[in-house]
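Peer 1: Below are the chains, spelled out letter by letter.
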Amino acid sequence: MSVDRYEAVIGLEVHVHLASRSKIFSSSSTAFGEEPNSCTDPVCLGLPGALPVLNRAVVDAAVRLGLAVGSHIRPRCRFARKHYFYPDLPKGFQISQYEEPLCEGGAVEFRVAGESRRVRLTRIHLEDDAGKNIHDDSGVSFVDFNRAGVPLVEIVSEPDIRSAEEAAEYMRALRTLVRMLGISDGNMEEGSLRCDANVSLRLHGAEKLGTKAELKNINSFKHVREAIEHEIRRQAVVLDRGEAVVQETRLWDPERGLSQSMRSKEHAHDYRYFPEPDLPPLAVDQDWIEQARASLPELPESRYRRYTGALGLSAQDAGVLTSEREIADYFDAAASACAAPAKKLANWIINEVLARVADPRALAAADLPVPPVALAELVDLVEKGTLSGKLAKDVFGRMWQEKRRAGEIVVSESVAVVSDAGLIEEICQKVVAACPDEVARFRAGQGKLLGFFVGKVMKEMGGKANPKTANEILQRLLG
Amino acid sequence: MAAPQVKGASIAELADGVRAQKWKARELVESYLDRIARLDGRLGCYLLVDADGARRRADQIDATVAAGRDPGLLAGVPIGLKDIFVTRGLQTTAGSKILRGFVPPYESTVSARLAAAGAIALGKLNMDEFAMGSSNENSAFKPVHNPWDLERVPGGSSGGSAASVAASLCAGSLGTDTGGSIRQPASLCGVAGMKPTYGRVSRYGVIAFASSLDHPGPFGRTVEDVATLLEVIAGHDPCDATSIPSPVGRYRQACDAGLAGMRVGVPEEYLQAGMDPEVEAAVRGAIDEIARAGAKLVPVSLPHTQYAVATYYLVCTAEASSNLARYDGVRYGHRTAEASSLEELYSKTRGEGFGTEPKRRIILGTYVLRSGYYEAYYGKALRVRRKIADDFRAVFDKCDVLATPTSPTAAFKLGERQADPLQMYLADIYTVAPALAGVPALSQCCGFTKGNLPIGLQLIGPPLGEEAVFRVAGEYQRRSDWHKRLPEDPS
Amino acid sequence: MPRIQPDEVRTIAALARLRLSETEIERMTHELDAILEYIDTVKNLDTGNTEPMTHAVPFDCPLRQDKPKPSLSVEEALQNAPRRRDSFFEVPRIVPGAGEGS
Chain A
10 MSVDRYEAVI GLEVHVHLAS RSKIFSSSST AFGEEPNSCT DPVCLGLPGA LPVLNRAVVD
70 AAVRLGLAVG SHIRPRCRFA RKHYFYPDLP KGFQISQYEE PLCEGGAVEF RVAGESRRVR
130 LTRIHLEDDA GKNIHDDSGV SFVDFNRAGV PLVEIVSEPD IRSAEEAAEY MRALRTLVRM
190 LGISDGNMEE GSLRCDANVS LRLHGAEKLG TKAELKNINS FKHVREAIEH EIRRQAVVLD
250 RGEAVVQETR LWDPERGLSQ SMRSKEHAHD YRYFPEPDLP PLAVDQDWIE QARASLPELP
310 ESRYRRYTGA LGLSAQDAGV LTSEREIADY FDAAASACAA PAKKLANWII NEVLARVADP
370 RALAAADLPV PPVALAELVD LVEKGTLSGK LAKDVFGRMW QEKRRAGEIV VSESVAVVSD
430 AGLIEEICQK VVAACPDEVA RFRAGQGKLL GFFVGKVMKE MGGKANPKTA NEILQRLLG
Chain B
268 MAAPQVKGAS IAELADGVRA QKWKARELVE SYLDRIARLD GRLGCYLLVD ADGARRRADQ
328 IDATVAAGRD PGLLAGVPIG LKDIFVTRGL QTTAGSKILR GFVPPYESTV SARLAAAGAI
388 ALGKLNMDEF AMGSSNENSA FKPVHNPWDL ERVPGGSSGG SAASVAASLC AGSLGTDTGG
448 SIRQPASLCG VAGMKPTYGR VSRYGVIAFA SSLDHPGPFG RTVEDVATLL EVIAGHDPCD
508 ATSIPSPVGR YRQACDAGLA GMRVGVPEEY LQAGMDPEVE AAVRGAIDEI ARAGAKLVPV
568 SLPHTQYAVA TYYLVCTAEA SSNLARYDGV RYGHRTAEAS SLEELYSKTR GEGFGTEPKR
628 RIILGTYVLR SGYYEAYYGK ALRVRRKIAD DFRAVFDKCD VLATPTSPTA AFKLGERQAD
688 PLQMYLADIY TVAPALAGVP ALSQCCGFTK GNLPIGLQLI GPPLGEEAVF RVAGEYQRRS
748 DWHKRLPEDP S
Chain C
130 MPRIQPDEVR TIAALARLRL SETEIERMTH ELDAILEYID TVKNLDTGNT EPMTHAVPFD
190 CPLRQDKPKP SLSVEEALQN APRRRDSFFE VPRIVPGAGE GS
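Protein chains in written order, with my numbering: chain A, 10 to 488; chain B, 268 to 758; chain C, 130 to 231.
To be clear, the hints were calculated from the coordinates, so they are not data collected in a lab. The beta carbon of each residue, even a glycine, is placed where N, CA and C say it ideally should be. Possibly wrong hints are sitting among the right ones.
In the DSS-like style, the derived pairs of lysine-lysine whose C-alpha atoms are separated by at most 25 Å in a straight line are [claimed, not checked]: (1) A:K402 - A:K352; (2) A:K141 - B:K615; (3) A:K393 - A:K353; (4) C:K172 - B:K654.
Distance ranges between label pairs, derived from CB positions [what the hints assert, rightly or not]: (5) B:V370 - A:S147: 24 to 30 Å; (6) C:E204 - A:A364: 58 to 64 Å; (7) B:K364 - C:T170: 32 to 38 Å.
With the Cβ distance kept under 8 Å, some of the chain A side facing chain B (calculated, not the full set) [stated by the list, open to error]: (8) A40; (9) F41; (10) P61; (11) F94; (12) F102; (13) I104; (14) V152; (15) P290.
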């Protein structure tokens, strides 16, 4: 296959919508889905005379992101104007950062098919989003400026990515990270996580980078993979023909599964960057950085390593638990209250708790029916032998429905497993005496009938017999 | 109650009279509206007169006074606003066709502060389009005529603001100064005008020409009036990230404080051979008077003065090309009648809506910001700018205030300088450097030519040194009576 | 040797979305040439390691609290719209993706 001759070199520029309550440079609400042009103000409409004022919470979110990926946070950084004309860009320029961005360097760690990968970052910077253009079938388009001024961070990676799959996993890792930090909901379909990909090819072993093409309009993780795979194949064909790849921007068309060149006709983009005169340089001092660092939650990869390491969880279970901050937080809270092995707790969360919530973020809700400590209590009861696995599942169901604690249910309804050997012995003897045929068949070699006897004992005891004890006693009685 | 004589009246006098119920705010407003109706046809100061709004506001002030409540420091004082200040509900054009019909949904901080202090806005004053010009001939609507000689320019870009005060079509006004646009028209119209320290007065709601150089500021017939207005409009504004947080000074008080012990620097680069002899004589006369008043004169040098105009036109056009990018016919203002594509919408709208000077500066500014050109032009200009600012910093170790001419000439004739834009730019020679450095500078009348045209003295202070400037200006004004001369009403 | 040619003025006018007539282009080329020649004098000054002066204020960027404030009403936002449809600003058809900066 011609693609195999080449090494794909991919870098991603990712825009993340930061979930502050007001916009980056003005105080309009960032609420999504409101009536068009109902969340605007002179600044984000680009009215004459309007001036930007920077939102502290936005800077803080970006600082925390930079710290989480190990970037260097510039003590002083600058804003710059980036000029181009488009209807959704009200000022005729975007306020972004050019020569002195907030964060430089850093790296994102993640796994592809179980293997660790590390993609270095060039920079992370702040900028304002543009409004939204809506097209209809007539000869006009419509503009809504609600989104204009919503804060963005742009995360630029080094061209360290080597496959479409890796690119998709990188995007997933970024999504998990920003959700874990609580700075964005990282939703590609809603546009709070967007990416452009720069793709080039070179022969294996070559050092020099090939000419890159930029891919735009990638709106889901699936598209990340498809668009990049398509581009790799496209460039391979071009190179195989002995031609050169053209440096251009290509628009991904998910309907048709191909990309189209957007090579601009008359004028190439000259953004005419210069320092934003309306905003003095932004200072982020050591105090701010230390406070931000102290507020960082344990990050996904670090949690993953802890879960698979010291806690001995499987890669799969650790993967599910670290996929969302709320799940990992729930697990950690339950684990610290629970004496049972982590593996058992993980099973309960994955199979019982997660099955009952539509959105994992509900795990952080104050009115969650079974908070972490309550689950820990239940799991410990099973571990102690007070409840059998089956009983515990029933109890859990009741806990969820009725918002009660396991201990309370066990006591008030005598749900606990009966481990009184004397009592169980009595019932076992009764059952054995009542089923002479089965006894004979068991003694004749039908060992499977043990289950029959255990079942009978369980039925007699309303399901509460300690199964282990019943098993032992029956085996002794049946010889 | 006799209607007050408003021609030549001072702000303090008018406000005192309203508070003391010597006259009503409504009477003041009617007196000025009457003068505007009779005289502004010949002068062209106002682009828009808001008679209804002014009357309503005046009645409110009068009711407040009658009820025994404090109507504010500027009680009932009629003022004019350069049409660069965004006024809610009242058309604001920046002197340009591209904003004809634009009615802002918000108010500039400074006009709101004036209104809160009891001042009454009579209307919006004529200006050079987007504050680009030194003669008010670049207004898209009509030129302004200098009240001292109707065939001459009032200066610019705040020509309407200066001329209206000179002709008593308002008691005081606001303008903006980016490279001299308050000081130079003040000089040419024989009134006082101040460009404060950059950031001293909020730019929120001031239509931007060059963001790092725009300074809103007051005009008045006297330096006391200028100081009073400045105290009202100055001060921190959370809506402007370049707004200085320090407390506002006592400018009015400083006018009376005298200049004992002060050192006044005279920069050699500003009084060179070949100057207009009448301007030189008047300015030197003023400097001598200041020395007689007790100031010590200190010869000083601002060595990078020769680069100031070039630096200014590099910085301001770059920023202007950026600030004017928003005028595209999408959200407000002029929109071309027929556009079959976006590109046409933009190009035709802007081609039709902008006048010659904004187009020229947009082209120049776009040129100097292009990639490949940035370092050589804009980047370089910013470094020269710092050198110019450093010149001022060094000089203020040796003196408290600088004294220079404001304009190389008195008012020139309408049409005289239209053919050569570079000639027009070079006339900014005395005013651009303080704007680049962001230091405060005031112009006051210091004499007249044989042809009865005003000549201006410029006083420059260190950053946040407005009080020092007012001390010297106030003392000089006490020792002269240029400010008492008034132009004849146009017939 | 002129510093600027009409073609360059045309290119810049296109970048700035300014439609100029041929007469304007010719006149402007001539004027800009003179202005650029004058402006070029700054190149003669050795600025060595001098820091560029981007702002005339000595302080850092002030920050505001993340508190939403009431917006303009839809009517206020659209009151100056040269062309509108319901709550939207209307423009000629945009070709998706073309001309977009980012």
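Peer 1: All hints, please: hold or fail.
Peer 2: Hints, one by one, checked against the model:
no. : hint                        : verdict
1   : A:K402 - A:K352             : holds, 17 Å
2   : A:K141 - B:K615             : holds, 24 Å
3   : A:K393 - A:K353             : holds, 13 Å
4   : C:K172 - B:K654             : holds, 14 Å
5   : B:V370 - A:S147: 24 to 30 Å : holds, 29 Å
6   : C:E204 - A:A364: 58 to 64 Å : violated, 49 Å
7   : B:K364 - C:T170: 32 to 38 Å : holds, 34 Å
8   : A40                         : violated, 20 Å
9   : F41                         : violated, 22 Å
10  : P61                         : holds, 7 Å
11  : F94                         : holds, 6 Å
12  : F102                        : holds, 6 Å
13  : I104                        : violated, 11 Å
14  : V152                        : holds, 7 Å
15  : P290                        : violated, 11 Å
Consistency note: the structure conflicts with the earlier hints numbered 6, 8, 9, 13 and 15.
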